[in-house]
Structures are given as C-alpha cells and as structure tokens.
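Fit chain B to the known structure of chain A by using the hints.
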Amino acid sequence: MDDLTRLDERQLGDPGNGPRASDDERMSTTAFICGRGRVGKTVVANTYVQFCRQRGARLEAWNSDRQNETHTLSVFHADASRPATDGASEKGYWFEANLDRQARERFDAVLDMAGGDPMVRHLARDVRLVETMKRRGLRAVAWHVLGPEPADLDYLKLSMEGELFAPPATLVAVNTGVLVSGRSAELAFAEVCSNRVVVDALDRGARLVRFPSLECMSAIIDQGLTFAEAMRGVTKPGCQPMTFLDQTRVEIFWKDHIPAFFAEIPSEWLPAMSGHNVGIHEGGLQ
Amino acid sequence: MSRNSKGLRSVVREITHGANRSSLFWWMVENHDQLASAVEGRRLQWTRLSARFAKLGLTDANGNAPSEQTARKTWQRVRRVVAKARELAAANQSARPQRRYPSRISPDWRPPIASSSDGPERPIESVRTRGLKPPAGPNAGALGATSPETGGDAAAEFSTIDAEGHPVEEAKVFYRGQVMTRHAAEQLERLRRG
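Which chain is which? The protein sequence lines are A and B, in order.
For the first sequence, counting from 1, position 230 maps to 230 in the working numbering; every step adds exactly one.
For the second sequence, counting from 1, position 122 maps to 122 in the working numbering; every step adds exactly one.
If you are wondering where the hints come from, they were derived from the structure by calculation, not from laboratory data.
Errors might be hidden in some of the hints.
Stated by the list, open to error - The calculated lysine to aspartate or glutamate pairs, modelled on EDC-like cross-linking and capped at a C-alpha distance of 16 Å, are:
hint, chain 1, residue 1, chain 2, residue 2
1, B, LYS55, B, GLU40
2, A, LYS157, A, GLU90
3, A, LYS157, A, GLU191
4, A, LYS236, A, ASP222
5, B, LYS172, A, ASP200
6, B, LYS172, A, ASP203
To be verified - Derived CB-CB ranges, DEER-like:
hint, chain 1, residue 1, chain 2, residue 2, range
7, B, PHE158, A, ARG128, 31 to 37 Å
8, B, TRP26, A, ARG196, 44 to 50 Å
9, A, LEU164, B, GLY165, 34 to 40 Å
Every residue, glycine too, gets a C-beta built ideally from N, C-alpha and C.
Chain A extracted, bound-state conformation (with noise of 0.2 Å):
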C-alpha cells in the first residue's frame, strides 16, 4: 500500500464489507449531466442514453429533474428512475440509493439534474463524493453543458470553487444546440469559451466538446422520438410527419455528428460498450 493510498484510508475511512473496486476490474461511469436550467442538458442526457444503449451498454438512465414534465428523460426512456418527489432529501435519498445498487451491480448510469440543482455540489462538500465513488470502483464524470451565455458559467464556477465538484473526468461541452440558426458558434462561444472559468477547469484536465446542432431537434422532443425513429420518419398521432428532409437532418446528426462527437470523449469517461454495433460510423452517409 503506498502513501497515497494510506493517506486515503486515513482521510476517508474504511469501506468495511461495502462494495469496493477491484484493482482489474473497468470502472463504471455515473455520468453527472449539469448546467443552468435551458442550456439543452436533457438533450445532451437522452443523446447519451440513445447512443451508448445502441452500442450495447448496460446504462441506467437517472432522471432528477421534477421541475420539467415536458421535455424529461423520462419522457424519451420509459425506464428511467426517478425521486418520488422533488424535495431536497426524497432527492438526496433516491440518488444515494442508486449509487449505493450501482456500486454494488457495476453498471454505468447517466444523471440528467435540473437546473442549477445544487444536491451533487451538497454531496462532493459532505461526502467526498469523487474520492468515495472512485473507491467503490465509480468513475464521476462531470459533464458541464453550457450555452453561450456568461450566466451559464455559473454552475461550472460553483463546481470548481474549491474543487467543489471537480471530477479528473470533466466534460465542458458547448451546447450548439442552443444557438440562433446560423449563428457562428465559434463567435457564439468565444466569451464563455475564453472565461477564466473554462479556461481553470481544461487547466485542470477538463476535455472541452461541442454538442452538435439538429435544426429540427424541437419537433423529435415535441413527439418524445428516438433519433432512429425520426430517421424512420416516425409520427406521433396528432402530430405533424417530418419532411424527408428533416429525416435526412435527423440521419447526419444521428450517424456521423454524433459518434464524432463521442469519439472526442475518452472512453473511460464513457459507459462500456460493445457487441457487433459499436462502430461509431456504422452506416452513415456515404
């Protein structure tokens, strides 16, 4: 046992007969998905879902957002777990809850949180959550969507004030989504890009990406489509059919923005995934 290692025993106690990673084993994900409410984080979470799903991960989807009924993981993943309510503790509770059954059953999970939620924050201050989890054999993955505004950086800030929530794994993902249509994003992104604040976390190892843009990603949400649905030209009744060139929108976002997208990410930081689907250009556009 090294120095590091006792220090650690010392600083954060003995796991006891808890669940505890082995030395060979893959570590699972809980990929925490955050930011200020509007900035597209359930977008971001149901891609992941989607994605990660079709390349054969065993993904709990993890809804906490109860604040939004309308455009909620849920809505996309019928399987999603979900607070009983959306007090404080009922939240902290049902979290801690899956934590504890996903350190235990090693699977990989993906946290959509409402806006500017501060319960993750709540939980690295009192528990150590990062170090803890590490423990346990999971790996945080902070995952800070952000739109162009400054005010977006807010959460981000409050994360990394004093290593808060600063996971090695931190995703600072700029959400094109968000844009005006035809807006360059790299002016678009320049101020919150060049902040102080972006710049300390990719000081700390923090990878930064760019969530690609859909033009008509507010219709598939409106129908609680899946991508490959939409591609198909699925129609919700009572709602307006996608044009063929909307589906042919949904076909380039879904089979070559996207695994682009993911291929920038390292995949540590990303649930396991295999079986015979997981090329990430598998049948795209030619």
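What follows is chain B alone, placed relative to chain A:
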C-alpha cells in the same frame, strides 16, 4: 523589422526576463550581425561610436546619451545574449518533432494514447483507438476527428511569451491573451478549428 529579428528579439527578451533594456541595447540586437561582421578583427573607436549612437537618438537605460563605457559594455552584453538566444533557438529546433507527410505514414498508425487526468501513469484510450471507424466525409462531426495527418493536438504550437514579452511559467503557454496549460490551449484551439 524582419521575421528573424522579431524572433531573435523575443528570445532575447525571454533570456533577459523582460528586464528594462535601453534603446541602444535593442538597436544592437537588431543590427547584431552587421555590427559583428563590421568589427571583426578591428579595435572599435568607442568614443566616436558613442557619439554616432547619440546622433541616432539611442540612449542608455536611463534615457541619457550613451557614454563610451556604456556603449562598450552594452555591446559585450548584446553579444553574450544573442549567442545564448541562438543556442536556445537551435536546441528548440532540434527538439521539435519533424513534420510527417501523409504518404510517409504507415497505414497501421493510430492516434497517440492520451494521458489520463487520473494520473500520468495511467493511459486513457480514445474511442477511436478501440478499432472503431472514425467519421468521414463532408458531414463528419462538428469537431472533426483527429486525423493521422495532423497528429491531433500535438500539431499545435503556442507562444511561451506573454503579451508583455515576458516568458510564461514552465509548462504553460500564452493563448488568447491568457496564460494557461498547453492542454487548455489545445482544447480551445481544437474547438476553434471546428
């Protein structure tokens, strides 16, 4: 000012740690080669030269017309600093990875393994290194996959001198008006390139 003399000036600034140098000093740096070849093997008449420098409006560090002794000492300092700057530039040149042309790259080439932020000893594998096909074609990803031709982030070069001409601290670079880690600059530059 030529590109070379700008480069020399910035390296000299790095060596001298941005100390407040006189206009005479910088004039000698910029005209170093001509001066050095002109004086080769000759004894310099510093009295006459210092008068010429004064006529050119060159001053010492205090803004005064340079004396004979100041001019001589400044020239000695300039020769030392320029020699050191050239040594440094040569060392950097040989340490820099050579450009590789696509036709010379093996078909078995794979992008380098990125370092994990969990610890430098623990490599992290990118999705594409797991044998997955990178996206291709005009519609390929918003960020675009790192291509073997560019060698990814490694191709980027950043300044190690800040806007004031001062060298930045070790392992940092100067990018978009800020001092940051090379990793941070690479991430921002990659995003900018789209």
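Tested hints:
| no. | hint | verdict |
| --- | --- | --- |
| 1 | LYS55/B x GLU40/B | 24 Å, violated |
| 2 | LYS157/A x GLU90/A | 26 Å, violated |
| 3 | LYS157/A x GLU191/A | 15 Å, holds |
| 4 | LYS236/A x ASP222/A | 10 Å, holds |
| 5 | LYS172/B x ASP200/A | 12 Å, holds |
| 6 | LYS172/B x ASP203/A | 9 Å, holds |
| 7 | PHE158/B x ARG128/A: 31 to 37 Å | 35 Å, holds |
| 8 | TRP26/B x ARG196/A: 44 to 50 Å | 33 Å, violated |
| 9 | LEU164/A x GLY165/B: 34 to 40 Å | 37 Å, holds |
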